[in-house]
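Asker: Based on the sequences and whatever the hints tell you, model everything.
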Amino acid sequence: MEITGIISAIVVGLIIGALGRLIVPGKQHLPIWLTLILGIVAAFIGGWIASFFTTMWLIVLIVQILVAAGIIYLADGMYAKNARGAAP
1 MEITGIISAI VVGLIIGALG RLIVPGKQHL PIWLTLILGI VAAFIGGWIA SFFTTMWLIV
61 LIVQILVAAG IIYLADGMYA KNARGAAP
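Each residue of the sequence shown is one higher than the last, beginning at 1 in full-length UniProt numbering.
I should point out that these hints are in silico values taken from the structure, not numbers from a laboratory.
There's no promise every hint is true.
Simulated DEER-style distance windows between Cβ atoms [claimed, not checked]:
hint	residue 1	residue 2	range
1	T54	K27	33 to 39 Å
2	A18	W57	15 to 21 Å
3	N82	M56	37 to 43 Å
4	N82	I10	23 to 29 Å
Note that the Cβ used here is the ideal one computed from N, Cα and C, for glycine as well.
Answerer: Structure follows, in structure tokens:
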């Protein structure tokens, strides 16, 4: 992967993180910076998963957003549990 591909994946990951946060229902406890980092991770993981099935950009984008929503949902549950456990 070239540097332009990595930079574009990071930019797309930021957008995907925001979209993934919008998909997850309810109030999220994650800070926005963590959501964006998880979006970048989801962009790479979702792109890798989608590459097994298709290279059609729309399908890849949908898979990336769904992966981001899943990661954000799981991370938010762990983050909220840790936040509740730390406060007396």
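Asker: Are the hints correct? Go through all of them and say.
Answerer: Each hint tested on the structure:
1. For the pair T54 and K27, the supplied restraint of 33 to 39 Å holds, since their beta-carbon distance comes to about 34 Å.
2. With their beta carbons about 18 Å apart, A18 and W57 fall inside the hinted range of 15 to 21 Å.
3. Between N82 and M56 the Cβ separation comes to about 39 Å, which falls inside the hinted range of 37 to 43 Å.
4. A C-beta distance of roughly 27 Å is found between N82 and I10, which places it inside the suggested range of 23 to 29 Å.
In this structure, every one of the numbered hints holds.
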